[in-house]
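Peer 1: Read off the chains here:
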Amino acid sequence: MYSEKVMDHFQNPRNAGEMESPDGVGEVGNMKCGDIMKIFIKVEDDLISDIKFLTFGCGAAIASSSVLTEMIKGKTIEEALAVSNKDVADELGGLPAPKMHCSNLAADALHKAIDDYKNKSKST
Amino acid sequence: MTRDIYMDHGATTPLKEEVLQEMLPYLKEIHGNPSSLHRFGREPRKALEKARERVASALGAEPEEIYFTSGGTEANNLAIQGVARALASRGRHIITSAVEHHAALDAVEYLGSNGFEVTFLPVDEYGMVDPEEVSSAINDGTILVTIMTANNEVGTLQPVEEIGRICRAKGVYFHTDAVQAIGHIPFNMEQMPIDMLSLSAHKFYGPKGVGALYVRRKTRVHKLQFGGGQERKLRPGTENVAGIVGLGKAIELVTANVEEKSRNLSRLRDRLVEGLLELPDVRLNGHPTRRLPGNVNVSVFYVEGESLLLSLDMKGIAASSGSACTSGSLEPSHVLMAIGLDHQAAQGSLRFTLGEGNTEEEVDYTTEAMREVVERLRKMSSVYKK
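Residue numbers (my numbering), protein chains in the order written: chain U, -7 to 116; chain L, -5 to 380.
Do not take every clue at face value.
[To be verified] Derived coverage of chain L by chain U (criterion: at least 3 residues anywhere in the stretch with Cβ under 8 Å from a Cβ of chain U; other residues may be distant):
1) 94 to 100
2) 365 to 377
[Said to hold, decoys possible] Derived DEER-like restraints, expressed as beta-carbon distance ranges:
3) L/231 x U/76: 30 to 38 Å
4) U/6 x L/358: 29 to 37 Å
5) U/110 x L/284: 53 to 61 Å
6) L/6 x U/110: 47 to 55 Å
7) U/6 x L/369: 12 to 20 Å
8) L/336 x U/10: 19 to 27 Å
9) U/24 x L/254: 39 to 47 Å
10) L/355 x U/113: 51 to 59 Å
11) L/8 x U/24: 31 to 39 Å
12) U/0 x L/254: 57 to 65 Å
13) U/24 x L/373: 20 to 28 Å
These are calculated hints, taken from the structure and not from any lab test. The structure presented is a predicted model; accordingly, all values stated were derived computationally and were not measured. Where is the CB? At the ideal position from N, CA and C, for every residue including glycine.
Required output: the full structure, derived from the provided sequences and hints.
Peer 2: Written out as structure tokens, the structure is:
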């Protein structure tokens, strides 16, 4: 039911784990639907220099978090904001229809992390 | 080394060789319609009646109390909707439990939205129905109580004999969905206060697409579909002869020495439970002792069921889960919610259903695989608290 690329990211997730002193953190999802994603970013000169994720969820949730981190690393904030959940699913070679709205949240988590970064830099 | 460890016998079981061999002639050479009078019809008719006798003898019933169906779902629907149609003029109240299989639950719900009054009894934290509650829920309009013998998800065994006695004393029909129980629990309908019982061949090493409904003599049930006069007019349609032959052989095999087989399987189950409970933050769902001999249902905290299943699958282990992702709906399993699990425990649920062929070595391999998989998934979990 999942593409090879999804299974690869599920089995060998990129950039999984907690980040120490991130510049921004974004969390989306809830336990009721069964997917909770957390994205951590480090920003240097408007570039996302490092990104990590922690995800509770199904194969699609873990794979989309993982592939997102690959897509985003080294991108500017503006470029990162332009990446949508659909872009993430496309990068994975598509996701099964029922997974498209419940588990495909990685870009939302990233955008929240960017908001968090922007709020923090405003207040300092 | 790739492994092939099947621990999903609650979903379906492999067809036994002896069963297949008995079925084969009826898929090819013996092609007649059992309703035909000529010799082409006589042979499949004989086979059909022999299968009926085998099912009857496995249940301690009479052959004329056995009606073949397309499976457990149809048997449940026939019992529930069939009694509702037959007795609607006498009463319009039906009682069931919150943990039934959807084949029963949804049939009752349908009647509930079509002029019947329905009661869904709650269960305790182990998934058990309280017979006292059955008793107090019965009123003058009650025509049917339907409670499963054993739960397909958490394996809990219901006090069906006690419930049956209550129903009999109050003159109310009692149906039980025994789809998961056949081959694990001995039945003797002569002595058990059960009016109707559903079973399905593929849950006990028979073929898919065939089941049966036991209907005690003089129980009033209406047919649901119209056609020829097969199955004494209760279930019209040309019989699935090969399937029925397979069902007959499978039930004969699976009900032989059932107590001994259940004891052995329980030992294997308990070994797996012990192994899994040694992992941190794992709980057993369902009743600790009153459960199907092959059923292990655990909640693994901080990880989600589907990702557990995928990871186990990569290690060659087949299991199932009641998480929202795997239930095919947006909600976790109604059974896990009914026993009071919170969403996290339900999302991390995992069911292993052991059966014939599983070994101690496989159980130990599975425990070790689980240790690795759970550790790996928790490391990347957003909710894991060390």
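Peer 1: Within 30 to 38 Å or not, the Cβ separation of residue 231 of chain L and residue 76 of chain U?
Peer 2: The hinted range 30 to 38 Å is violated for residue 231 of chain L and residue 76 of chain U, with Cβ atoms some 52 Å apart.
Peer 1: Mind checking, does the stretch 365 to 377 of chain L have 3 or more residues with a CB under 8 Å from chain U?
Peer 2: It holds: at least three residues are needed, and the stretch 365 to 377 of chain L offers 5 whose Cβ sits within less than 8 Å of chain U.
Peer 1: Could you say whether the range 47 to 55 Å given as a hint is met by the Cβ separation of residue 6 of chain L and residue 110 of chain U?
Peer 2: holds, 53 Å
Peer 1: Between residue 0 of chain U and residue 254 of chain L, is the Cβ distance one that fits in 57 to 65 Å?
Peer 2: violated, 47 Å
Peer 1: Is 31 to 39 Å respected by the C-beta to C-beta distance linking residue 8 of chain L and residue 24 of chain U?
Peer 2: holds, 36 Å
Peer 1: Given a hinted range of 39 to 47 Å, is it respected by the beta-carbon distance of residue 24 of chain U and residue 254 of chain L?
Peer 2: holds, 44 Å
Peer 1: Given the hint of 19 to 27 Å, check if residue 336 of chain L and residue 10 of chain U actually sit that far apart at their C-beta atoms.
Peer 2: At 24 Å between Cβs, range holds.
Peer 1: Could you tell me whether the CB distance from residue 355 of chain L to residue 113 of chain U stays inside 51 to 59 Å?
Peer 2: Since the Cβ atoms of residue 355 of chain L and residue 113 of chain U sit about 58 Å apart, the hinted range of 51 to 59 Å holds.
Peer 1: For residue 6 of chain U and residue 369 of chain L, compare the CB-CB distance with the range 12 to 20 Å and indicate the outcome.
Peer 2: Holds, at about 19 Å.
Peer 1: Given a hinted range of 20 to 28 Å, is it respected by the beta-carbon distance of residue 24 of chain U and residue 373 of chain L?
Peer 2: For residue 24 of chain U and residue 373 of chain L the Cβ distance comes to about 24 Å; the hint holds.
Peer 1: Does the beta carbon distance between residue 110 of chain U and residue 284 of chain L stay inside 53 to 61 Å, or does it fall outside?
Peer 2: Roughly 57 Å apart at Cβ, these two residues keep to the hinted range, so it holds.
Peer 1: Taking 29 to 37 Å as the stated bounds, is the beta-carbon spacing between residue 6 of chain U and residue 358 of chain L within them?
Peer 2: For residue 6 of chain U and residue 358 of chain L the Cβ distance comes to about 33 Å; the hint holds.
The structure fails to meet hints 1, 3, 12 from the earlier list, while all remaining hints are met.
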